[in-house]
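Asks: So you can see what is in the structure, the chains are spelled out below.
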Amino acid sequence: MTHGRGVDLDLLADYIGGALDGTPEAAAVERLIADDPAWSRAYAQTSAAMEAVRVDLGTLGADRDQMPAEVLGRLEAALTAVRRQESGTVVPLAPRRRWVRRLAPVAAAAGVLVLVGLGATALWPESGRQDVATNAGGGAADRAAVPDAAKLSGGGRAPLIAPGEGTSQGLRKDAESDVAPPIVATGTNYRRETVRRLTSEVRTKALAAPQASTQMSGVPEPLRRLTDPAALSACLAAIKAADAQPATQVRLVDLARFEGSPAVVVLLPDVVWVSGANCGLTGPDTRYSTRTEGS
Amino acid sequence: MSDRPASDEELLRAHVAGEPEAFAELLRRHRDRLWSVALRTLGDREEAADALQDALLSAHRAAGRFRGDSAVTTWLHRIVVNACLDRVRRRQSHPTVPLPDGTRHFDQDSAGGAGPEPAAPPVDHDTALVVRQALAQLPAEQRAALVLVDLQGYSVAEVAEILGVAEGTVKSRCARGRARLAVLLGHLRPDPGDAAYGNPSTGGNVTSQSARATQEGGR
Chain P
78 MTHGRGVDLD
88 LLADYIGGAL
98 DGTPEAAAVE
108 RLIADDPAWS
118 RAYAQTSAAM
128 EAVRVDLGTL
138 GADRDQMPAE
148 VLGRLEAALT
158 AVRRQESGTV
168 VPLAPRRRWV
178 RRLAPVAAAA
188 GVLVLVGLGA
198 TALWPESGRQ
208 DVATNAGGGA
218 ADRAAVPDAA
228 KLSGGGRAPL
238 IAPGEGTSQG
248 LRKDAESDVA
258 PPIVATGTNY
268 RRETVRRLTS
278 EVRTKALAAP
288 QASTQMSGVP
298 EPLRRLTDPA
308 ALSACLAAIK
318 AADAQPATQV
328 RLVDLARFEG
338 SPAVVVLLPD
348 VVWVSGANCG
358 LTGPDTRYST
368 RTEGS
Chain F
9 MSDRPASDEE
19 LLRAHVAGEP
29 EAFAELLRRH
39 RDRLWSVALR
49 TLGDREEAAD
59 ALQDALLSAH
69 RAAGRFRGDS
79 AVTTWLHRIV
89 VNACLDRVRR
99 RQSHPTVPLP
109 DGTRHFDQDS
119 AGGAGPEPAA
129 PPVDHDTALV
139 VRQALAQLPA
149 EQRAALVLVD
159 LQGYSVAEVA
169 EILGVAEGTV
179 KSRCARGRAR
189 LAVLLGHLRP
199 DPGDAAYGNP
209 STGGNVTSQS
219 ARATQEGGR
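Just so you know, the sequences run in chain order P and F.
One gets my numbering by counting positions in the first sequence from 1 and adding 77 to each.
One gets my numbering by counting positions in the second sequence from 1 and adding 8 to each.
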């Protein structure tokens, strides 16, 4: 790059920027600036211009760059997935084998929003009771942001879809369990610190809820799309793929909020995955994921 | 037991020892700086996120080989910058050419993930937008050096360590980058016959043998 007749702007910039300090080239450039009017003029202009650039760069305000929450969520999810893959090489699959098949009642009360329907069976984790005990020590403040049984079973906040509810069309069956996951709309606004306590305790209580009259009003508007079984299936498939566990079982879906934004909160055997309203459109739209407490 | 927060190195060691949340804590601790470096080096939100993911997964795997010769942040920045430069090199095989009048409105592309990041609103939005556009036109190595020195405030010595080059090379990349920006931003009018300025593919038209040696040195 040149500046004016015979002036090498890169060389001049190197000189101004100190890249030539202590080299013979620096002395040569000094002579050119002293003896050649074109170099002298270019030196003055370029020095001022480079200083102006420093001011301009200051307007970018790197200190104002904040990693968006969705990017952080995506990165944390990727790290979680890697951790799971790595631990999977040394951790036996015993917990998964503890799952046994039990019959669950078919919830068919009037007013229940039946989005899916499959057979009348459900899987219940034998470890569910253990999880209740494991999490009993959680702080009250944290637990306050986790839906409790009362919230899940009362006030129209109970499962939108109970396991085993049945019509011929609906959510794709889980590959391992042959049941659809229960889906609730608790109205909870989860936080990073509390979402990991969404464990099988909550699932157990949710599914134990009496035949509740669930209302669509409990689903945040941006998530209404996901009350369509096909849309929710795509969302869960995307989450499972991102978690590198395509055959894993979804234990609970809560169409709720996460840090104030509408979010699909999905409980997997040892991970809670939080996705945004676009889940399943082009990917999982991950907001956050973490291992559940005690997993 | 001390309430002192774990140092970066302690967190990295804990991660290597199997502590599941240690690496995620490192990420949360330095997320904004790492994001800023990736975003300003690549100029594209989606690319930056992809590069960061590549870099962090690489660091996650390679943590056991960290020897403590440099600060953990320096090590992390080096991995992130290298991931960004790798992406730039791959992208150059499928280049996108900015509009010749320089009026491309990058923010309009954000929905498709193709355009540079519309950062948090700066004090002077118009100036910042123009500067971002100009920065995106620099050769990647000059841009990375400028981002680290002029935007992130790292010293030349630290950036030399991050980039794995000599300090003179960092000074040269920064100086040439600023001179090129000066032309692109209208602070300087170069020789009109010089086709090199403003063309990022040339990376500068160095005529001086010693200057070239400075630029190449330490690579």
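Careful: at least some of the hints might be erroneous.
Here's a subset of chain F near chain P, in silico, CB distances under 8 Å, partners left out [claimed, not checked]:
1) Arg12
2) Val24
3) Ala30
4) Trp43
5) Leu64
6) Ser66
7) Gly72
8) Arg73
9) Phe74
10) Asp77
11) Thr81
12) Val96
13) Ser180
14) Ala183
15) Leu189
Sample of chain F residues lacking proximity to chain P, with all beta carbon distances greater than 12 Å (derived) [as the list claims (entries may be wrong)]:
16) Asp58
17) Arg75
18) Arg97
19) Ala187
Here are the in silico distance ranges between beta carbons for each label pair [what the hints assert, rightly or not]:
20) F:Ala14 with P:Ala125: 31 to 37 Å
21) F:Asp134 with P:Arg108: 23 to 29 Å
22) P:Glu298 with F:Arg75: 25 to 31 Å
23) P:Glu270 with F:Thr135: 23 to 29 Å
24) F:Asp77 with P:Ala125: 39 to 45 Å
25) P:Ala146 with F:Arg69: 33 to 39 Å
26) P:Glu270 with F:Glu17: 43 to 49 Å
27) P:Gln143 with F:Ala14: 22 to 28 Å
28) P:Ala103 with F:Glu54: 40 to 46 Å
In short, the hints are calculated from the structure, not lab data.
Beta carbons are placed, not taken as given, at the ideal position from N, Cα and C, and that holds for glycine.
Asks: Taking the hints in turn, state whether each one holds.
Replies: Here's how the hints hold up against the structure:
| no. | hint | verdict |
| --- | --- | --- |
| 1 | Arg12 | violated, 21 Å |
| 2 | Val24 | violated, 12 Å |
| 3 | Ala30 | violated, 11 Å |
| 4 | Trp43 | holds, 4 Å |
| 5 | Leu64 | holds, 6 Å |
| 6 | Ser66 | violated, 11 Å |
| 7 | Gly72 | violated, 12 Å |
| 8 | Arg73 | violated, 16 Å |
| 9 | Phe74 | violated, 16 Å |
| 10 | Asp77 | violated, 24 Å |
| 11 | Thr81 | violated, 15 Å |
| 12 | Val96 | violated, 19 Å |
| 13 | Ser180 | holds, 4 Å |
| 14 | Ala183 | holds, 2 Å |
| 15 | Leu189 | holds, 5 Å |
| 16 | Asp58 | violated, 10 Å |
| 17 | Arg75 | holds, 22 Å |
| 18 | Arg97 | holds, 22 Å |
| 19 | Ala187 | violated, 4 Å |
| 20 | F:Ala14 with P:Ala125: 31 to 37 Å | violated, 47 Å |
| 21 | F:Asp134 with P:Arg108: 23 to 29 Å | violated, 42 Å |
| 22 | P:Glu298 with F:Arg75: 25 to 31 Å | violated, 53 Å |
| 23 | P:Glu270 with F:Thr135: 23 to 29 Å | violated, 40 Å |
| 24 | F:Asp77 with P:Ala125: 39 to 45 Å | holds, 40 Å |
| 25 | P:Ala146 with F:Arg69: 33 to 39 Å | violated, 25 Å |
| 26 | P:Glu270 with F:Glu17: 43 to 49 Å | violated, 26 Å |
| 27 | P:Gln143 with F:Ala14: 22 to 28 Å | holds, 23 Å |
| 28 | P:Ala103 with F:Glu54: 40 to 46 Å | holds, 43 Å |
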